[in-house]
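**Student:** Sequence:
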Amino acid sequence: MTQPTWKRSSFCAGGGNNCVEVAVSDEDGIAIRDSVHPARSIKVSRVALTTFIAGVRNGEVNRPPGSSV
1 MTQPTWKRSS FCAGGGNNCV EVAVSDEDGI AIRDSVHPAR SIKVSRVALT
51 TFIAGVRNGE VNRPPGSSV
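With the working numbering applied, the sequence shown has no gaps in its numbers, which climb one by one up to 69 at the end.
Read the hints as simulated data drawn from the structure, not as lab findings.
Among the clues, some could well be false.
Have a look at the derived ranges for each label pair, beta carbon to beta carbon [what the hints assert, rightly or not]:
| hint | residue 1 | residue 2 | range |
| --- | --- | --- | --- |
| 1 | Gln3 | Gly59 | 17 to 27 Å |
| 2 | Asp28 | Gly66 | 29 to 39 Å |
| 3 | Ala48 | Ser9 | 13 to 23 Å |
| 4 | Gly59 | Ala39 | 25 to 35 Å |
| 5 | Asn58 | Phe11 | 38 to 48 Å |
| 6 | Arg63 | Gln3 | 26 to 36 Å |
| 7 | Asn58 | Gln3 | 31 to 41 Å |
| 8 | Ser35 | Arg63 | 20 to 30 Å |
| 9 | Gln3 | Val36 | 18 to 28 Å |
We put the beta carbon where it would ideally sit given N, CA and C, even for glycine.
Could you put together the complete structure from these sequences and hints?
**Tutor:** Below is the structure:
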């Protein structure tokens, strides 16, 4: 099995280990992980990720009450 090629977010804090990373996991899947815990990742379909990103851009996704980031 080929290991995924992980790419870091352009918003990665100074190249440190506080980054979102993504990789193509198969024909229809995208894997997402936190560089602090690289052994754990989630897999979503391209459609699900695209829909989520569109929702964020359109202001449809709200932060939980009390979150600072």
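**Student:** None of the hints should be skipped; say for each whether it holds.
**Tutor:** Evaluation of the provided hints:
1. Gln3 with Gly59: 17 to 27 Å: 36 Å, violated
2. Asp28 with Gly66: 29 to 39 Å: Holds - the Cβ-Cβ distance for Asp28 and Gly66, about 36 Å, lies within 29 to 39 Å.
3. Ala48 with Ser9: 13 to 23 Å: 18 Å, holds
4. Gly59 with Ala39: 25 to 35 Å: For Gly59 and Ala39 the Cβ distance comes to about 33 Å; the hint holds.
5. Asn58 with Phe11: 38 to 48 Å: 19 Å, violated
6. Arg63 with Gln3: 26 to 36 Å: Once the Cβ atoms are compared, 33 Å apart, the range 26 to 36 Å for Gln3 and Arg63 holds.
7. Asn58 with Gln3: 31 to 41 Å: 35 Å, holds
8. Ser35 with Arg63: 20 to 30 Å: 21 Å, holds
9. Gln3 with Val36: 18 to 28 Å: Once the Cβ atoms are compared, 19 Å apart, the range 18 to 28 Å for Val36 and Gln3 holds.
In summary, the structure is inconsistent with hints 1, 5 from the numbered list given earlier, while agreeing with the others.
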